[in-house]
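Colleague: Could you put together the complete structure from these sequences and hints?
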Amino acid sequence: MKLPRVIRSHYQSHQAELELELPPELLWFEGHFPGHPVLPGVVQIHWALHFATSGLGVAGQFLALERVKFQQLVLPGSRLHLQLEHLADAGQLLFHYRNDEGSVASGRIDLGPAP
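Counting from 2, one number per residue, gives the positions in the sequence shown under my numbering.
It is worth saying that the hints were derived from the structure and are not from the lab. Some hints here could point you the wrong way.
No farther apart than 16 angstroms at their CA atoms in a straight line, the calculated lysine to aspartate or glutamate pairs in the EDC-like style are these [what the hints assert, rightly or not]:
| # | residue 1 | residue 2 |
| --- | --- | --- |
| 1 | 3 | 26 |
| 2 | 70 | 26 |
| 3 | 3 | 22 |
Quick list of the computed label-pair ranges, beta carbon to beta carbon [as the list claims (entries may be wrong)]:
| # | residue 1 | residue 2 | range |
| --- | --- | --- | --- |
| 4 | 36 | 114 | 38 to 48 angstroms |
| 5 | 114 | 26 | 19 to 29 angstroms |
| 6 | 25 | 111 | 11 to 21 angstroms |
| 7 | 36 | 89 | 38 to 48 angstroms |
| 8 | 4 | 102 | 21 to 31 angstroms |
| 9 | 36 | 92 | 10 to 20 angstroms |
| 10 | 64 | 22 | 41 to 51 angstroms |
| 11 | 47 | 114 | 17 to 27 angstroms |
| 12 | 89 | 39 | 25 to 35 angstroms |
| 13 | 36 | 15 | 18 to 28 angstroms |
| 14 | 80 | 15 | 18 to 28 angstroms |
Cβ atoms here follow ideal geometry from the backbone N, Cα and C, with glycine treated the same way.
Modeller: Pasting the structure below:
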């Protein structure tokens with residue numbers, strides 16, 4: 002399994018909110034790190050792009066990451082709330098993950114024209 006379970010989702014024009022559950026059997030926990038599994042930050046970025054593409058119709062080529070902050074470890078069994086905002090005119094996707102304790106990760110993905 003490569004994607005988290007989507008417990009709840011709400012999409013509207015350029016914004017989305019999703020509630021995600023991360024089962025321990027997710028592929029990304031294997032080997033990162035043995036005995037102390039943690040979700041890699043690059044996977045969080047990948048998921049933000051995935052849900053923006055599939056749910057908001059965001060298209061574009063990845064150019065850069067800006068203002069990315071990883072503030073908490075994400076462990077197997079976690080539940081995350083993901084907020085997405087697509088700023089189409091600026092070619093940017095803003096993402097913010099949080100849990101019951103607060104902010105988990107956030108940042109901006111700069112997008113160029115679709116290939």
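Colleague: If a hint holds in the structure, say so; if it doesn't, say that too.
Modeller: Consistency of the hints with the structure:
{"no.": "1", "hint": "3 with 26", "verdict": "holds (9 angstroms)"}
{"no.": "2", "hint": "70 with 26", "verdict": "violated (26 angstroms)"}
{"no.": "3", "hint": "3 with 22", "verdict": "holds (12 angstroms)"}
{"no.": "4", "hint": "36 with 114: 38 to 48 angstroms", "verdict": "holds (44 angstroms)"}
{"no.": "5", "hint": "114 with 26: 19 to 29 angstroms", "verdict": "violated (37 angstroms)"}
{"no.": "6", "hint": "25 with 111: 11 to 21 angstroms", "verdict": "violated (33 angstroms)"}
{"no.": "7", "hint": "36 with 89: 38 to 48 angstroms", "verdict": "holds (43 angstroms)"}
{"no.": "8", "hint": "4 with 102: 21 to 31 angstroms", "verdict": "holds (23 angstroms)"}
{"no.": "9", "hint": "36 with 92: 10 to 20 angstroms", "verdict": "violated (41 angstroms)"}
{"no.": "10", "hint": "64 with 22: 41 to 51 angstroms", "verdict": "violated (31 angstroms)"}
{"no.": "11", "hint": "47 with 114: 17 to 27 angstroms", "verdict": "holds (21 angstroms)"}
{"no.": "12", "hint": "89 with 39: 25 to 35 angstroms", "verdict": "holds (33 angstroms)"}
{"no.": "13", "hint": "36 with 15: 18 to 28 angstroms", "verdict": "violated (41 angstroms)"}
{"no.": "14", "hint": "80 with 15: 18 to 28 angstroms", "verdict": "holds (25 angstroms)"}
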